[in-house]
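Chains as they are written, first to last, in numbering that gives the first Met the number 0: chain A, 0 to 258; chain B, 0 to 239.
Worth double-checking, as some hints may not be accurate.
Cut-off 16 Å, straight-line C-alpha distance, at most; resulting in silico cross-link-like pairs (EDC-like, lysine to aspartate or glutamate) [said to hold, decoys possible]:
id, chain 1, residue 1, chain 2, residue 2
1, A, LYS99, B, GLU224
2, A, LYS60, B, GLU75
3, B, LYS112, B, GLU152
4, A, LYS100, B, GLU224
5, B, LYS80, A, ASP126
6, A, LYS88, A, ASP139
Here are the simulated distance ranges between beta carbons [stated by the list, open to error]:
id, chain 1, residue 1, chain 2, residue 2, range
7, A, GLU85, B, GLY71, 18 to 26 Å
8, B, PRO149, A, MET207, 52 to 60 Å
9, A, SER34, B, PRO30, 53 to 61 Å
10, B, ALA27, A, LYS225, 44 to 52 Å
11, B, GLU58, A, SER188, 48 to 56 Å
12, B, GLU76, A, SER34, 28 to 36 Å
13, A, ASP42, B, GLU158, 41 to 49 Å
14, B, LYS185, A, ARG130, 44 to 52 Å
15, B, LYS23, A, ASP139, 35 to 43 Å
16, B, GLU152, A, PHE247, 41 to 49 Å
17, A, GLY40, B, LYS184, 51 to 59 Å
18, B, LYS23, A, ARG242, 49 to 57 Å
19, A, ARG130, B, TYR62, 28 to 36 Å
20, B, SER194, A, SER97, 32 to 40 Å
No wet-lab data here; the hints were simulated from the structure.
Ideal placement from N, C-alpha and C gives every residue a C-beta, glycine not left out.
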Amino acid sequence: MKRTINYTGRKRISRERISISFSRQNGSVVSFSLSRLDLSGLDLPSNALISVEAYYRTELKRIQLGQADSFHQILSTDLTDMGYPENLKFRIIVVDPSTKKILAYADRIAPEEPSGRKSILPVEFRDLGNRIWMITYEGDEGSPVLCINNRIPDIQNIAKRDSQFFMQVYPCAIREILTYMVFVEGVESVRDPSVDWNRDWLEFTKSMGIQPPLSLTPDDNQQFDKDEVFKWIDNVVEAFCNRYSQIFEKFVSKMEENR
Amino acid sequence: MSIVRIIMPEGESKFIEYITALRKVPSATCPDLNIEPYSKEFSPYIEVERDISFNSKMELAEYINGKFDKAGVRREEIIGKSGLWTWFAYLWFDSLTCFDSRAGNRSIREEAKYICSSDYRDYYRHLVAGPYYIYSLHGSGLSKIFLYSPIHEHNDFIEQIASRQFLISHQNLIEALFRLYWDNKKVRPRSGAQSRNRAGTLRRFVKVIQQLELTYDVYSLSSEEIIRLLPDEFNEWKEC
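So here's chain B without its partners, still in its complex pose (with noise of 0.2 Å):
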């Protein structure tokens, strides 16, 4: 078990190095940065599985949500905490890069998924804020079609709708693109849903949206409600 801490500068210009460091020796040695002053205790103690595997973001999400939930901690006292988040991709650094013990091989991938940053706009890339985001908002029902993927993937339903504060907070209209692109019998989205090139789809999805906002109050409008007004492109959607 580890007790759950928060990086400080020292400890993210650590991990930084580190993570560089990896690009070029995959065997770079991982610094401990659970000692001062490269992290603080997190208050109040609460202690989390270091050797642990999720499934999916969604297994994840719902394990520190149970975990903060239990130890009566609120959404809003952590949501800002980015040194907490980058604590969280460190522990969990070896599963988040898919390392491969007997390979010894990694996925890097931009740093901004593995150290939280403060900006906003780039906190849902985070692999391990994003994921606690969207759920903490939607819970496990609709933050399914986001959480669905292994922890170390970042989709497209995370990068399209997470990174726009309007689409995502807004219930009736993630129920709407829940109703339209998930897929139950396969448990993940429907396929093609992703799609770049196909008439309807995600990204297609957000400019339409964009463009009824400036006209309807979307915020009232039911998940039924939007999927009407939604054009006839949409229709093969609309009609599973």
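Next comes chain A alone, as it looks inside the complex (with noise of 0.2 Å):
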């Protein structure tokens, strides 16, 4: 189980009560909305400030939301102002106006995607010299972020579309990920990580219906499995390109019209 320890007794905003999606023009984000953001049952005083905070890497913008009694959503927000506007994170302050103390507290809040699913894998599009994309572990708490490389032209389209580039790079992607938080990292608890981008990616795993071995410690003498572990990361591989066989099947007709 993870444990925290909360001296200051400030609440938790759990994720369900907020809804913050993005909006875009012309595939670039432009602003965001937060539609929803329920605070019943947390015992809050009405005259308590709320405030949602958007941020990414170097970059900070506060927008102030009103009281806990009367406090408006925001339909747009201008975020063009912003470095690195695709992946921003949000957070939600309630705090006392008298003693500025905060009341309750949500972090690290990702956008909703316009399917309703949550992202495990943001990207981001940079100069990466003569490579096409690489994996950088830079998101919060050292979770990963698939950079591909801005100097390809059309390849934010590319990115989304094209079924080759899809099927090239996400199951190479998830391999060298799921590879790299047994190896590299080790994950403490198979049923209760501690790093969030531990439980979301095993969320995903198990989403492809294949479950993760007892342990994932290379440190556990008495259950880890190297050969286990291999077997399960392939199968997850191979679980996700079933799943978008429509795309290997677009994959390979394009490959015929080439020939």
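Assembly of the complex is requested from the two constituent chains, each provided in isolation within its own frame, with the hints serving as guidance.
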């Protein structure tokens, strides 16, 4: 179980109470909306002040929402003045106006995808020299980010729609991330990982119908089985490819057309 | 005058080779990186002076900011362009390495000071990107405490504050820092502010703020309120 110490008694606003989404123009993030923030049952004073912060790397922007009893939703807040808008995370802060103490808090909120799913692999376009893509572990708690070379013309469209790119990059990225997660970082508990991104990725593998081995901690001499882990990773990659068999078929057709 | 360019990966490799060579052979020849494929022209077209001397990081940041402002380029369009900042370091490499043409000596520091890292955690170390970034956030007033030093020197205010996103992006917090540690008469940080052994100095400020932010919404505190919350060890600095 993930253990935290809360000396200050501040309340945690769970993710389910918040709905944040991006608006895009020509594929680029231009603004965000906070369409839902449910603070009911948290027993917050009516005059508590609520604000939302958008942040990533060197960038930070705060928007005041008002008091707990009368705060307003944000329908469209401009993000074009921020660097790296694609990967912005959000935090909600509820503050006692007289003491300025934090009463309730939610952090590292990723905007909802249009489909309502949570993205576990943010994508960033940057100059990668002569490489097409790479995984960096620069997200929250060292979570993975898929970096794609922005020197390639029309790469944002290619990354989204091209079947060849999809089938060649994503299975390899999944393999690399799972290998890193287990063999470089180690996952202390398979049932209840302490690192959020480990948890998200394990959920993802389970959603593919593949159950993880008993141990993902290489130091665990009793239960860790290297071969079993490699097999598990392989099965996840295969299940992912099977799930997107239609994209594979498109890729094959494209190859046949080009012959 | 030089036309602003962006160093490409091929140029970055050449630049690194040159820096490495200089450590062994001070007379190593500087490669021409102002040609393709080593660099490409920045758009829009901007010209900057090559032979210009800056007395401080502030002058450097003001100069670059003025050039981009005039060309209508916004900070968010350039802040992550590491090749652009590497090119500036290439252009002004002699100044950034304190080149003494008579003695042929240079002071070469770690690579990240000249080659701008795409890793945001190292970004502030760059001798051109770092000052510009701080200036673009806090303008000519509060930035003084970071940008007072010569362009080739890295100071502890940059190292301790600019490396932490939460701290550097909070205007009131920087104002509190400025009020505590800036000496208006000497136009530089107060003597001892960067000391590691004295009470209430910069490093302790960072530690205490990190503790306060677990309880307080530091962002919404005014600089006065932040200073008031600091424990007694800061009294000496508060009083001036």
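Tested hints:
Restraint check for A/LYS99 and B/GLU224: the C-alpha separation of about 10 Å stays at or below 16 Å, so the hint holds. For the suggested pair A/LYS60 and B/GLU75, the alpha carbons sit about 13 Å apart, so the restraint of at most 16 Å is met. This hinted pair checks out: B/LYS112 and B/GLU152 have alpha carbons roughly 10 Å apart, not beyond 16 Å. Among the hinted pairs, A/LYS100 with B/GLU224 is consistent with the structure: their alpha-carbon atoms are about 12 Å apart, no more than 16 Å.
Simply put, B/LYS80 and A/ASP126 have alpha-carbon atoms about 9 Å apart, close enough for the 16 Å limit, and the pair holds. Among the hinted pairs, A/LYS88 with A/ASP139 is consistent with the structure: their alpha-carbon atoms are about 9 Å apart, no more than 16 Å. With their beta carbons about 23 Å apart, A/GLU85 and B/GLY71 fall inside the hinted range of 18 to 26 Å. Checking the proposed 52 to 60 Å range against B/PRO149 and A/MET207 shows it holds: the Cβ atoms sit about 57 Å from each other.
Distance hint check for A/SER34 and B/PRO30: the Cβ-Cβ separation is about 54 Å, which falls inside the suggested range of 53 to 61 Å. Against the hinted window of 44 to 52 Å, the Cβ-Cβ separation of B/ALA27 and A/LYS225 comes to about 48 Å, which satisfies the hint. Restraint check, B/GLU58 to A/SER188: a C-beta distance of roughly 54 Å satisfies the suggested window 48 to 56 Å. Distance hint check for B/GLU76 and A/SER34: the Cβ-Cβ separation is about 29 Å, which falls inside the suggested range of 28 to 36 Å.
Between A/ASP42 and B/GLU158 the beta carbon distance is about 43 Å. The supplied range of 41 to 49 Å therefore holds. Checking the proposed 44 to 52 Å range against B/LYS185 and A/ARG130 shows it holds: the Cβ atoms sit about 49 Å from each other. Under the hint 35 to 43 Å, the C-beta atoms of B/LYS23 and A/ASP139, about 41 Å apart, fit the expected range. Under the hint 41 to 49 Å, the C-beta atoms of B/GLU152 and A/PHE247, about 56 Å apart, miss the expected range.
Judged by the Cβ atoms, the range 51 to 59 Å given for A/GLY40 and B/LYS184 holds: they are separated by roughly 56 Å. The hint said 49 to 57 Å for the Cβ distance between B/LYS23 and A/ARG242, and at roughly 54 Å that hint holds. About 34 Å separates the C-beta atoms of A/ARG130 and B/TYR62, a value consistent with the hinted range of 28 to 36 Å. Checked against the given bound of 32 to 40 Å, the beta carbons of B/SER194 and A/SER97, roughly 36 Å apart, stay inside it.
Taken one by one, the earlier hints fail for this structure only at number 16.
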